[in-house]
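Construct all of the structure, not just a fragment, from the sequences and the given hints.
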Amino acid sequence: MVKVTIDDQVIEVEPGTTILNAARQIGGDIVPPAMCYYSKLPGTGGKCRTCLVEVVQGSEKDPRPMPKLMVSCSTTVQDGMVVRNKTSERVQKNRAGVVEFLLINHPLDCPICDQAGECHLQDLGFENGGAGTRYEEERRTFAPRDIGNKIKLHMNRCILCYRCVHVAKQLTDQRVHGVLNRGEHAEISTYIENAIENDFSGNMIDVCPVGALTDKTFRFKSRVWFLKPLNASCSCNKCSGKAVVWMFGDEIYRVTARKDAYGEVEEQDGKAGWICNDCRFDKKDVHNWQIEGPRVINRHSVISQGHYLSPRQHDQKKIK
Amino acid sequence: MRRLLLEHDQVPGIETYEVYRKQGGYRSVEKALKKMSPEDVLEEVKKSGLRGRGGAGFPTGMKWSFLAKPEGVPRHLLCNADESEPGTFKDRYLMEKIPHLLIEGMITSSYALGANVSYIYIRGEYMWVLDILEKAVAEAYDNGWLGKNILGSGFDLDLYVCPGGGAYICGEETALIESLEGKRGNPRMKPPFPAVAGLWGRPTVVNNVESIAAVVPIVNDGGDEYAKIGVGRSTGTKLISACGNLERPGVYEIEMGITVEEFIYGDDYCRGIAKGKKLKACVPGGSSVPILPHYLVTKTATGEDRLMTYESLAEGGFESGSMLGSGGFIVFDEDQCIVRNTWNFARFYAHESCGQCSPCREGTGWMEKVLNRLEHGQGNMRDIDLLADINKKIEGNTICPLGDAAAWPVAAAIRHFRDEFEWHVNHREEAQKRNYGLISEKTASA
Amino acid sequence: MSSTTPVDMSLRHSEKPQFSEEKMAEVQRIIAQFPEGKEKSALIRILHIAEEEFGGWLSIETMDYVAEILEIQPIEVYEVATFYTMFNLDKTGKYVFEVCRTGPCMLVGSDQLIEHIGKKLNIKVGETTADGMFTLKTAECLGACGYGPMLQCGKKYHEHLTPEKVDQLIEAYRSGNTNTES
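Chains as they are written, first to last, in our numbering: chain A, 1 to 320; chain B, 1 to 446; chain C, 1 to 182.
To be clear, the hints were calculated from the coordinates, so they are not data collected in a lab.
All values reported here derive from a predicted model rather than from experimental measurement.
Yeah, the Cβ is synthetic: ideal placement off N, Cα and C, and Gly gets one too.
Everything hinted at is true.
In silico DSS-like links for lysine-lysine, alpha-carbon gap of 27 Å or less:
hint, chain 1, residue 1, chain 2, residue 2
1, B, K183, C, K38
2, C, K156, B, K135
3, B, K275, C, K165
Some chain A residues close to chain B (C-beta under 10 Å, calculated; not the full set):
hint, residue
4, F101
5, I159
6, N181
Computed Cβ-Cβ distance ranges for the label pairs, DEER-style:
hint, chain 1, residue 1, chain 2, residue 2, range
7, C, T162, B, A138, 34 to 42 Å
8, B, P401, A, D29, 29 to 37 Å
9, B, R233, C, E127, 47 to 55 Å
10, A, K284, B, V73, 49 to 57 Å
11, A, C236, B, P401, 47 to 55 Å
12, A, G28, C, E52, 55 to 63 Å
13, B, P401, C, E115, 32 to 40 Å
14, A, G130, B, P401, 22 to 30 Å
15, A, E193, B, V73, 40 to 48 Å
Here is the structure:
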C-alpha cells in the first residue's frame, strides 16, 4: 500500500491507483471533478483537464514538487505523495480557466436541455465558473445530425470527452460513430447518415456528461427534478435488468442505469451495470418492472435537494 | 567553418548511391557493425553531447539509454521527418539533397538500439521527397546495407518510409506514433513514454532527421571530436533554416557558437536584411519560440553577444530571451506588422490543434478570433489583457506541447510589442485598411 | 461558423471503386511493411493512393473500399480522412493550387499572391473555376519558408513565385504542361 495526502487528508491505497481514485476513496469535497474520465471505460481521461491538481511533493523518495499541474485521473500516486486540490489557489484558478474554455462555445440552452439538473457541466460551472463571460465571438455550431430514433445527438453541447466513443468501442460490436475533423471543428459524428443501433448503444446517453446525447423517448417530456427516481429491476437476458425508473405519478418517463456519486454506472454482480436498449427504451410500463424502492441521487444537483429547498435551507443543510 | 552534414551537398549526383559511397558514405555502418558493439555506439553518441535537433534539445544519448529492452519484444527506431514548424525546412533540404546520409544514420542508429524494423515518418506534403528516399532505400537494399545479415554481422534491418496526411501535430512524437498506426494524430498521455510503450505498444525511440544524420559523423570521427565543436552544452553543428526578410534565406550548417550577428549579416550566411532594410524582430527557433525585438536579437539584455547556441538564445528566460528550437530562423524587417504576424501564427496553431484537450481546442481558437479582431481594427484595450490571460490558462495545462507552442508567441509579442497592439486599438480605421507595413514606434526610434 | 461535415449525395461515387491489379500490388506491398495484425498502419498511405486513383478526392465509397481492404470499420477511415488536411472530401478542380499562407511566406508576400491568383482565376479561396480546371486553396506551412511565396500543386512545389511566374504557371497547366518547373 502507498500513502498519499490529498488536501491534508491521508489515505493508503493500492499501488497504481490514480490520484483521482485515491481522492474518491476519501470522498467528499476534496474529490476533483472529472468530465471525461470514466472508471468503467478503460482509456478515458486526460482530455478535459478539469481534474488538474497540484503535486507539492512527488513522493517520499523524491520530494520535489511537480512543476506542472497534473491530471489526477491519469497520474498514479507514489508513496508519500502530497496533493493539493481544494487547498491550492493555483488549481482553483486554472480549473476556472478550463471551465471557461468548456463554456465559451457551449450554447447555455439549459432551459430547454433535457440534461438540466443532472448536467455535470452545470455543476462544474456552478462550482468553478465565473459569473460573466469574456467571450465576445459567435458560438460554434454544428449541422444537426440524425443518429437514429432512440438517441438524440446535439453536437453544439458536446465537450468532446470521448466517453461515448469508448462505449461504442467497448460495449458494442460495431462502432459507427467517432470523432471527426479536428481542433475546434472536431465533432462526434457518423459522417454518413447512420443510425447508432446496438443493444448497448443507449449507454452513450448515461455516460455523456452534458446534454449532447439524450434519450429521444424522453425528449422534452419533463424536467428531471419533477420525476421520482426508483430502483427497479426486471428479468432481462441481455443485461442485469437493474435500473432506475423515473416516474411521474404512475407513469415511467424514462429508464437509466443506476449511477453512483460521480455519475458512473454502479457495479451490478461485480460488473459495470450497463443496461440494454430494451430496458432503457422499450420497458416504459410499470408492469415491466419490480420496484425496489426510492433511489437516492447522491449528487448536489437539484434532484437530490429533497425537491425545492430554499437557498437558505440549502445552506443550513450544508452547515450541518 | 566545419560542415559535417552538408559537406557534400553541392557534389553533383550526391543523391545517388555511387556518388555518396565515393564520398565516404556508409563508413559509419562499416565501423559500427564490424568494430563496435551497440553499447559502443551509444557511448559515442553520449560523449558527443548531441541534443535532439527537432526542437526540444533533449540529449539524444540519454533518450537512447532510456529505451526499454524486454526480452523477446521488438523495438523500433522512428525517424521524425514530419517537419512542420513554420520557419523550418532544414530536414527537407537534407533529405532531398543527401538522402543516403539519413539512411546511413538510420542503419547505424538502429544497430545501436537493437531495432530490426525502422520507419521514416515523413510529412505527406513532402511526397516527392518520399520518392527520393524510397529510391535511396532501394539502392541501399541492393548494395547490402539493408536486409538480412548486413555486412555479415548478423544484424538485420528493414527500413520503410511512411507518409503523413497533413498535420503539424504529428511532429509530436506520440502523435507521430498514433499516425503511424493509421489513426488520428492525437498525442498520447505520458507516461508511458515511447521508450517503454511506443509503436504498437513496443519500446520505441523517435528522433529527428538531423539528429539521426548527426550520428554518422559522430560514429566516424568519435563523439569527443564532435563535442569539440560548439560552446558548452551546445555541441557540434546545427542546420539553421533562415527565412523571412533576409538577403539570402536558405539552409545553413553552422558551428554552434557563432554569433547571431554573424549569422544574419555575415557573407557566409544570410548577408543581412533584404532590400537594405532594418531588422525589426526575429523568431530564432521556429514559430513557437518567443519573438525577440531587434535590440535583443544580436545582444542579450545584459549586453553580451548573443550566440547561436541553446543557452545563449535562451539567455534572459522568457523576459528577454527565446530558444534555438528547431532552428527555424525567421527575420522581420522594419515594415512588418507584429500584430498581423501574431494573428497569423495563432491561426496556424488553431488550425493545427488536434482538438483533444479543452484548453488547446478552445483556447487556440479563441486567441485566433481575438487577434483577428485586433488586427482588423475591431479590438479593444481589454482584448490585449484577455489574450495574455487566455495564454496563461493554456500554457502547461494541455496534453502535449502544442498548447505551449501556441501560447508563447502571443505572450512574447504582447510583452515586447504591446505598443503595436495598442496602436491597432487606437487607430481602428487605419488598422482596417492597412494589412501590412506598420512601423512600430520602437523600431522607428531605433 | 458551422461544421462542414458533409452528408449529401455529392460525397458519393456512383460505382464501387476498384484498384487495378498493379495498384493493388502496390497496396499489398505497403501493407506488408507492417507486422501481422497491424495492417491499419498502412491506412494513410493507401488513402493517398486511393485519392489519386479515384478522381482526386475521397468519396464515401472510396473510404469504405479502403476499410474493406484493411478489414477495419468505415468510421475508422472517416476519422482519419477528416483529421488530415491533405485529403479532399469533395470534388476539386483538375489542379489544386494550395498556397502557403503561414508567417514566413506571409512576410514575403503570400497574401498578395493569393489575391493575385484569385483575381486571375476569378475565384475565391476554396472555389473551383467554372471550367473545372483549378481549385484555389490556402495551406498552412508547407516547409518551404526560405523559398516563398510558394504553392503546391499535386506533388509539386512551385517556389519563389511572383505574379508573372504564377501567370505562366496557370498557362502551362491550362495547356497540359504539368511538368512545368518553377
